[in-house]
Amino acid sequence: MVSTGAKIGFGVVGLAVVVGGGWAALSATSNKDATPKAVNVGSFKGDYTNSKAAIKGGNLTVTYPGQAASPITFAGYTEFAQWAAAQQQLQPAGNNSLFYTDKNGKIISSGPAKLKVDKDAKTVTITLRDNLKWSDGKAVTAKDVEFSLETLSTNTVASGNFTEAYTKIKGLTDFQNGKSKSISGIKFDDGEDGKKLTVSYTSLPAAVNWGDGVPAYALPYHDLKDVSAKTIDTSKKVTKTPLSFGPFKVSSVSSDSTVKYVRNSDYWGKQAKLKTITYYVNQDQSKLENDLSKQKFDIVTTAPATLWKNGNTPVLSKYNNAKGYAATGQADAGYWELYFNLGHADSKGTSIQDRSTPLQDANVRKAVGYAQNVGAVVAKYGNGLRVTTNTLVSKSETKKLFYDKNVKGYQAKANGDIKKAGSLLEKAGYKKDSDGYYAKDGKRLTLTYLARSGRSTAESEAKAYIAAWKAAGIEVKLYQDKLVDAATWQSIVLSAKNNDWDITDGGWGEGTVPTFDQLWSKNAAYNFGHVTSAALTKNLTDTQNSTSDASLIKNIKAFQKLVVDKEAYTIPTYTNIDVQLVNGRVKGWTNAPVNDLYAKLSVTSNKLTTSGNPRK
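Every letter in the sequence shown is one number past the one before it in the numbering used here, and letter 1, counting from 1, is 1.
No lab work stands behind these hints, which were simulated from the structure alone.
Since the model is a prediction, treat every value here as computed from it, not as a measurement.
The beta-carbon is built from N, C-alpha and C at its ideal position, and this holds for glycine as well.
Mixed in with the good hints, there may be bad ones.
Below, simulated SDA-like cross-link-like pairs (lysine to any residue); rule was C-alpha separation at most 20 Å, straight line [said to hold, decoys possible]: (1) 309 with 290; (2) 477 with 360; (3) 56 with 608; (4) 240 with 228; (5) 225 with 136; (6) 287 with 608.
Derived DEER-like restraints, expressed as beta-carbon distance ranges [as the list claims (entries may be wrong)]: (7) 480 with 380: 24 to 34 Å; (8) 610 with 350: 56 to 66 Å; (9) 125 with 380: 46 to 56 Å; (10) 179 with 49: 50 to 60 Å; (11) 53 with 290: 28 to 38 Å; (12) 178 with 480: 31 to 41 Å; (13) 607 with 286: 23 to 33 Å; (14) 379 with 265: 45 to 55 Å; (15) 443 with 293: 49 to 59 Å; (16) 616 with 459: 51 to 61 Å; (17) 119 with 350: 26 to 36 Å.
Let's have the full structure, built from the sequences with the hints guiding it.
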């Protein structure tokens, strides 16, 4: 999963989207080269059809609206991409991902590599294409796949994209702990420089067909082998001159991490139609509308909801099928949630749920969830691009199998449910004091809210939530009486022992793997609340021990009911309608999960369209 806005979860590639980590992820792509249908969402179409003829070559300029509070340093390989923006920037180069997936996220055989699963032998065999090459002309080898896994297992930055399912690979834990110089479960079928490797497991991850626990990336060992393992993530070979086996390769990276891509002549597939792509992360979102007015970008990959309108005044919405741009939309593959700080992590990174806090009582956690006025805040500040959500699986098309519509959640009433919150607090032994706040044994229920800056309405939203909690009799104060930036937030929530906060918001972007170990297991770095209940551990274990797709789906739905409805270890709050703005000269743009989309894009003019509705 990858985190939204900040660190990636949406994991091994993922929550990347605003918060922090996610599920192990692969590129969501369609079966072979069949053209899947784009799904419309709300008033937005899922694609843009340009009937004009494409010109030969052409240059495309793309922007991802980042955040000044979470500065982006370009990471040339998925393993080192901790932030959503950094992950998005890798798409023209293919994210160094080995596999394509179908509409449900399952691995298929038409990508850079094939996967064969042998359940009886507890192995997976990865076979690379014979013509799979790095952009320097050198072959992508079995050693490159192993090197990626080794890096994920040991490098501090890459470890954020490491999933617990990898520990089922024989010998991997010994390698991590320095007891072995190699991973015994990796066998090179035709040598390190060959195209085939077999991975042996103590037990196969249940979602292995979705890539869970499968080495899913490659790093060029021949180019990086002499770089220090401790500093590889900041080396120039990663941040300035990375290699690629995707349709485009990096030509240059500027000081502000803007990346210029050129066609990769060594790409194994059909050559890209465009000549170059410039990918810019806009750290100051307030400049985006002005940049669009100057026709600076062909594609805005995500239109920030806070900039869509200013009250009733159109901002980016002025470009909704107007002024030379077409708007497309899709259900965001991610979600936001409210976390509770329930414990700490020991020296080995293992979570222990032992914090002395009223939040150890599920009734208190539920009360906090019911009292929060998410619907009202979404309606006021979401500009129609945010939608409340009840569970921890998005409504993205690739997650239909796992989304549980029967999870009730806490968002039935837009202004919160004060009556239900009060009833739960009374059940927990609390009574209102003379000031209207709930207290127990003479101690008022007072919580510290770690709220994050980064968007223009962040402070207003935080204050609205605090006011709603106050109305429900729950006293909530901001962490150190202010909002914190994304980097500070990350250091706090990932701290092993921090008792200075009680609740915080996290946003995750999903990858293809539908299991939750990377976010919720006792050894997961992104288990922000340090939840370690027996029921949760059993569910995660049962999920990994699923013997069929049906049992896997059943266990994942049971996870949602347990974590949300029964125990309220987290409160799902909202998800987004992900809107893109596409200039009228772009041809081939779609939100459908197609293989290597950027290779298929073209332009129909050397100059951007400057006026009108391109759809007419």
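Self-check item: Hint numbers contradicted by this structure
Solution: Going through the list in order, the structure violates hint 16 alone and respects the others.
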